[in-house]
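Protein chains: 2
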Amino acid sequence: MKIEQRFPAETDREAAIGVFDSGIGGLTVVKALMERLPFEHIHYFGDTARVPYGIKSVQTIQSFSAQIADFLLERRVKMLVVACNTMAAVAGDLIKKRSGVPVLDVIAAGADAAVAATRKRAIGIIGTPTTINSNAYARAIHALDGQVRVYSQACPLFVPLVEEGWLDHPVTRLTAEEYLKPVFVESVDTLVLGCTHYPLLKPLLQDVVGGSMHLIDSALTVAEEAARLLQSNGMENTSRQTPEYRFFVTDIPLRFQALGSRFLGRDLPLVQTVSLPG
Amino acid sequence: MKIEQRFPAETDREAAIGVFDSGIGGLTVVKALMERLPFEHIHYFGDTARVPYGIKSVQTIQSFSAQIADFLLERRVKMLVVACNTMAAVAGDLIKKRSGVPVLDVIAAGADAAVAATRKRAIGIIGTPTTINSNAYARAIHALDGQVRVYSQACPLFVPLVEEGWLDHPVTRLTAEEYLKPVFVESVDTLVLGCTHYPLLKPLLQDVVGGSMHLIDSALTVAEEAARLLQSNGMENTSRQTPEYRFFVTDIPLRFQALGSRFLGRDLPLVQTVSLPG
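First to last, the sequence lines map onto chains Y and X.
Sequential numbering from 47 applies to the first sequence in our numbering.
Sequential numbering from 47 applies to the second sequence in our numbering.
Certain hints may be false.
Across the chosen pairs, the derived CB separations fall in these ranges [said to hold, decoys possible]: (1) X:Q51 <-> Y:L316: 42 to 48 Å; (2) Y:D116 <-> X:K248: 41 to 47 Å; (3) Y:S321 <-> X:E232: 48 to 54 Å; (4) Y:R292 <-> X:Q51: 43 to 49 Å.
Since the hints were derived computationally from the structure, they do not count as laboratory data.
Everything numeric in this text was worked out from a predicted model, so none of it was measured.
Ideal Cβ placement from N, Cα and C applies to all residues, glycine included.
With the rest of the complex left out, here is chain Y (with noise of 0.2 Å):
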């Protein structure tokens, strides 16, 4: 059962949407909602510093999640997106009890488009080590349809590979078939791309298991989402002037540019480097 999250009353309309995530990942996230919300200004935090989060502990994550959340609420943003998979998987209750503003996550937003597609009641996850690890898909699946059967794999050298550029790569063919074999022998017909990286190997993936896999890829979902939640509190920003969008990140490294380009499917432009404490 989903509670609606409702805005403060003191709400600003034209206050940006502030979106987060581990690294750069979740550029895939800031592009639906670039074309799906194209008058909203989006804030974006990305931990390139700390980068990748898949890895880490559980409360290494929840202490810099909390981190990055204390920040964009600083800069009075109307509603946090929590971008990265592993984030949301295991920090996604803490930030909303920090926070005064609705919170969306890639997880609750895929786990619901995956519910309303499947028609076997049988849903595949792929996911970082640390998300398939935290079960936070079949909670959430389980939570709106008890008798769903999930089955989850963790793909760990996904990240790598995208970030190698291998999105059409033999090694990479290969390696999604190695990976995906556990999930093949189940009869899913529903397979979620649970990290942000995910979707650019969307068309190599519908090739390793068939055009008739339904996949989810909870950028679009999670856009999908926060255009309906700001519809139906009137707290779309009305206004027709070009949006600011606003990327902060703890660190620039080698080939940001052009992988954040890729992930954004346009551009990036200027980043911003701060510091978070500890």
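Since chain Y is already given, all that's left is putting chain X on it; use the hints.
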């Protein structure tokens, strides 16, 4: 021309060797030190909360490296070994300036061994993107012999493949063939494994490049250099007690014990979690 490093007059020869790394890959260096210097105490620091460094900026790596050096120096180690190639490449000089004790690093040791091994005076280097982009191996090699030709290749997928445990897997073989194609074209006879993770791929890599290629394992070479420096300065621990091994990390992620044991080549003892500022 190598400048021999000196120990301060007050050095306690029973003090530990401090080994530091961005994560747990440096345990391959600890393994080599344990075997080469079985009476030395070793204090290891792995920055597992912020690993991997190979994708971060030079400035961030320098700042993190300085924090770790200070942590180990406060523990009064008699010598520092920088096990991480990326740290050695971009923060080696900074650490040497900061430290009153001798500082050995995997790059200097690997360059020495490679120059001694090559007959054709043509050396290949493989490592993380940051290590390769730093050009630190080429500089270290040319400081020893300006006539040697150096060919470098970044192999960003090798670290995640090792961490996935695919040490002898078709995906790893295909990846190695792809990365090493440009090295094959050149007539190198010596290949430096310029990353602490790569020794675990040695059998597969030897197979891919052929048995006549000389592989330089920088964990072994830096342990050899540590032994030489301690002996030539009369700084070996001459007590015949069982040495003390301490392992400090900034995070204990999933599969840490299993992965650590794989690098160390034996059961990983209990580790202690510590926090660093910033």
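Of the hints given before, which are not true for this structure? 3
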